[in-house]
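Listed below, chain by chain, are the residues.
Number of protein chains: 2
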Amino acid sequence: MKELRMAERMEKMSGSAVREILKLTQQPNMISFAGGLPSPDSFPVAKLQEITNEVYSKSGAQMLQYGITEGYKPLNEFIAQWLKSSKNITASPEDIQITSGSQQGIDLVSRVFLNAGDQVVVESPSYLSAFQVFNSYQVKYLPIPSDDQGMQVDELEKALDDNTNKPKLVYTVATFQNPTGITMSLERRKKLLQLADKHKLIIIEDNPYGELRYEGEHVPTLKSLDTQGRVVYLGSFSKVVAPGLRIGYAVAHPEIRAKITIAKQAADVHSSNLSQQIIYEYCNRGYLDPHIQEICRAYGVKRDAMFKALDEHFPKAVNWTRPEGGLFIWAELPQGCDTTELLQKAVEHRVAFVPGTPFFVNNTGQNTLRLNFSNATFEQIEYGIAKIGEVIKEYLTVNC
Amino acid sequence: MKELRMAERMEKMSGSAVREILKLTQQPNMISFAGGLPSPDSFPVAKLQEITNEVYSKSGAQMLQYGITEGYKPLNEFIAQWLKSSKNITASPEDIQITSGSQQGIDLVSRVFLNAGDQVVVESPSYLSAFQVFNSYQVKYLPIPSDDQGMQVDELEKALDDNTNKPKLVYTVATFQNPTGITMSLERRKKLLQLADKHKLIIIEDNPYGELRYEGEHVPTLKSLDTQGRVVYLGSFSKVVAPGLRIGYAVAHPEIRAKITIAKQAADVHSSNLSQQIIYEYCNRGYLDPHIQEICRAYGVKRDAMFKALDEHFPKAVNWTRPEGGLFIWAELPQGCDTTELLQKAVEHRVAFVPGTPFFVNNTGQNTLRLNFSNATFEQIEYGIAKIGEVIKEYLTVNC
Chain A
0 MKELRMAERM
10 EKMSGSAVRE
20 ILKLTQQPNM
30 ISFAGGLPSP
40 DSFPVAKLQE
50 ITNEVYSKSG
60 AQMLQYGITE
70 GYKPLNEFIA
80 QWLKSSKNIT
90 ASPEDIQITS
100 GSQQGIDLVS
110 RVFLNAGDQV
120 VVESPSYLSA
130 FQVFNSYQVK
140 YLPIPSDDQG
150 MQVDELEKAL
160 DDNTNKPKLV
170 YTVATFQNPT
180 GITMSLERRK
190 KLLQLADKHK
200 LIIIEDNPYG
210 ELRYEGEHVP
220 TLKSLDTQGR
230 VVYLGSFSKV
240 VAPGLRIGYA
250 VAHPEIRAKI
260 TIAKQAADVH
270 SSNLSQQIIY
280 EYCNRGYLDP
290 HIQEICRAYG
300 VKRDAMFKAL
310 DEHFPKAVNW
320 TRPEGGLFIW
330 AELPQGCDTT
340 ELLQKAVEHR
350 VAFVPGTPFF
360 VNNTGQNTLR
370 LNFSNATFEQ
380 IEYGIAKIGE
390 VIKEYLTVNC
Chain B
0 MKELRMAERM
10 EKMSGSAVRE
20 ILKLTQQPNM
30 ISFAGGLPSP
40 DSFPVAKLQE
50 ITNEVYSKSG
60 AQMLQYGITE
70 GYKPLNEFIA
80 QWLKSSKNIT
90 ASPEDIQITS
100 GSQQGIDLVS
110 RVFLNAGDQV
120 VVESPSYLSA
130 FQVFNSYQVK
140 YLPIPSDDQG
150 MQVDELEKAL
160 DDNTNKPKLV
170 YTVATFQNPT
180 GITMSLERRK
190 KLLQLADKHK
200 LIIIEDNPYG
210 ELRYEGEHVP
220 TLKSLDTQGR
230 VVYLGSFSKV
240 VAPGLRIGYA
250 VAHPEIRAKI
260 TIAKQAADVH
270 SSNLSQQIIY
280 EYCNRGYLDP
290 HIQEICRAYG
300 VKRDAMFKAL
310 DEHFPKAVNW
320 TRPEGGLFIW
330 AELPQGCDTT
340 ELLQKAVEHR
350 VAFVPGTPFF
360 VNNTGQNTLR
370 LNFSNATFEQ
380 IEYGIAKIGE
390 VIKEYLTVNC
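As given, the protein sequences belong to chains A and B, one line each in that order. The numbers in numbering that gives the first Met the number 0 rise by one with no breaks, and the one at position 72 of the first sequence is 71. The numbers in numbering that gives the first Met the number 0 rise by one with no breaks, and the one at position 331 of the second sequence is 330.
Honestly, the hints are just simulated from the structure, not real lab data. Keep in mind that this is a model prediction, so the values were computed, not measured. Don't take each hint at face value.
Because identical chains share one entry, a pair is satisfied inside a single copy or across any pair of copies.
[Said to hold, decoys possible] Below are the BS3-like pairs computed for lysine-lysine, each with C-alpha atoms no more than 27 Å apart in a straight line:
| no. | residue 1 | residue 2 |
| --- | --- | --- |
| 1 | Lys22 | Lys72 |
| 2 | Lys139 | Lys11 |
| 3 | Lys72 | Lys86 |
| 4 | Lys22 | Lys57 |
| 5 | Lys157 | Lys386 |
| 6 | Lys11 | Lys165 |
| 7 | Lys11 | Lys167 |
| 8 | Lys197 | Lys46 |
| 9 | Lys57 | Lys72 |
| 10 | Lys190 | Lys139 |
| 11 | Lys139 | Lys199 |
| 12 | Lys139 | Lys189 |
| 13 | Lys189 | Lys11 |
| 14 | Lys46 | Lys57 |
| 15 | Lys197 | Lys167 |
| 16 | Lys190 | Lys83 |
| 17 | Lys199 | Lys22 |
| 18 | Lys11 | Lys315 |
| 19 | Lys199 | Lys157 |
| 20 | Lys315 | Lys344 |
Chain A on its own, in the form it takes in the complex (with noise of 0.2 Å):
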């Protein structure tokens, strides 16, 4: 088409070469460690269908209605008592705006703070959507490294010490991060507040992952640390009932909820009833602290599955992170690999991973790549990461 005069922000915003190499993984036969995927098998459908169905019959006509912007009541009143009750967050169903899944909270938080040019706080590497939502808001970022304990605050503090960085917000996956899987300690947690509060920068602590823990002791989140209302919490039903229907929330200091609501009257007027009323039902059953303790189970072992098969299979070159919950496992192939290439031959062997680089900022981590363990059987897992294993070994004797 001629003279479409788009947006500055889309040229920041195209498709990337990964996600078409990706596009392969969808073939038939392929094992792809690449998604984010929960396992169909956690979904609880025989309970959500019966649920679903007492829905209608309780209160169709008013689910099928236009409902209010800020959610089903009782849904946010659950969330509030739940994350008391599981995480120690104080917060009122007033501070509870409900999301199409945690994805549209980094949006909405996105539309209530930045202006084009404002600097945003990023891990580095962090999740690659976030950084679409971003570029769409045409920020600059401040990428700060991160190690086994997650990001290194310390270089953050340096970053703003020095006055040329004036960022606004941060943005944070603090708990068995994607894409290493990685949980941020409790002394940086602390840290990362009190910065926040000298430099009255925005938290945004992105949590789809949090009740996914498979060993070790749970880490208070940034939200219940937080005594200055700087912290907007996002959660989501995503990974612990299941994605398709799109449920997330966000929590935030009344005033800064009340933006995001104004955001979210005219980005969709409000979430699915259906998908809400479904997932307030579920939880106020009390299915949802079994159901997740279930699926903590389930993909514990796969994640130790994955942690054999890379201890056999992947060559001693390679390091990978051993995350304590989540989804993801990072490997880092020694300097001058690049896992873009490793892929197209992966892809040619019929497994799939991604490659790291989408998940920096400045275009580094060529050698890095993650690793999805809940969406595989076990004889995907023991197979494919031999198979992977045999790939990276071939490649590191011709190229690195």
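Place chain B on chain A using the hints.
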């Protein structure tokens, strides 16, 4: 909270005074013509319940998993063939992006095209929640007056010939407009398309009410007349099936559709799979067109009842539109009247409407108001319009 540095766009996105008054309309025993709600009696609850049950039985686990951003493929395919058969719009499934209501369509198209400071053409008056979206993109407006043939396209032509105006986008609810109920004439539609081509404009044709015709001849959609791919058509199932499921769609030239999909992916990944599959099954079983006929019969007689009540009870000094379809009637009181004051008096008598001012971008229309006829009983229409008529008469005596 201290020192919240919000985005500049939020300055234009505050709640309105009218919204505060309208909260009063949710009190019990209030007869409200204020909303734009479909009648809950019109929702096909039993059929949707049955279908939903079958969706779970047939494809529960797949439906609960993440889906693709473009939409549930069979739904995109159904919409493409239905647009052809019902409106002579030629579109392939690849031209279609499923949205969470047509409201999200406005947002996504804005994200693709609008830079801060860009100019958007709107009918004066026009849909107030579209302004919420456009304000969030910090646009300037070029409001074009309307008459009983819709937007005065000659006035737009004059404005475009004036070189100080360089709009990028035209937003129109061309059929059964919100708030006036007016339909743009075929001649003006053709002229608008010529102007769009000449001045390289994108037209958003927002058509949530297009199926709701109670008399008169169908007027071709702008999209069906568009040979240049300049029209982005927004459709919705909110008014013809149920709004609570939040399913609409955007139809655009594939190059534009691809960008809308990128914007949607950042915004919320995809719309509820359950909602999409329910809508698809409902349509695929041939329920849609007979249901539209049924709604039209039901709303047509309500419109007639409101016409009758207006003729009987409203003073001669008031003029109102006589729409052939849609959900709204628009009334104009003598100059100098203030319908926001009038609403306060009406609410004291437990009847409500929407004052017209928020439907104008230039703070005019103080003497106008909108009435919805779809979501009230015949008794409420008769009693409520009589009561508003009384309040107006009293108001006219004292104030105008």
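Evaluated hints:
no.	hint	result
1	Lys22 x Lys72	between (39 Å within a copy, 16 Å between copies)
2	Lys139 x Lys11	both (12 Å within a copy, 24 Å between copies)
3	Lys72 x Lys86	within (21 Å within a copy, 39 Å between copies)
4	Lys22 x Lys57	between (42 Å within a copy, 26 Å between copies)
5	Lys157 x Lys386	neither (43 Å within a copy, 68 Å between copies)
6	Lys11 x Lys165	both (22 Å within a copy, 24 Å between copies)
7	Lys11 x Lys167	both (20 Å within a copy, 20 Å between copies)
8	Lys197 x Lys46	neither (47 Å within a copy, 57 Å between copies)
9	Lys57 x Lys72	within (16 Å within a copy, 31 Å between copies)
10	Lys190 x Lys139	within (23 Å within a copy, 43 Å between copies)
11	Lys139 x Lys199	within (18 Å within a copy, 31 Å between copies)
12	Lys139 x Lys189	within (25 Å within a copy, 44 Å between copies)
13	Lys189 x Lys11	neither (34 Å within a copy, 35 Å between copies)
14	Lys46 x Lys57	both (16 Å within a copy, 15 Å between copies)
15	Lys197 x Lys167	within (12 Å within a copy, 42 Å between copies)
16	Lys190 x Lys83	within (23 Å within a copy, 60 Å between copies)
17	Lys199 x Lys22	neither (42 Å within a copy, 34 Å between copies)
18	Lys11 x Lys315	neither (38 Å within a copy, 57 Å between copies)
19	Lys199 x Lys157	within (16 Å within a copy, 49 Å between copies)
20	Lys315 x Lys344	within (20 Å within a copy, 80 Å between copies)
Checked against the numbered hints above, the structure breaks hints 5, 8, 13, 17, 18 and satisfies the rest.
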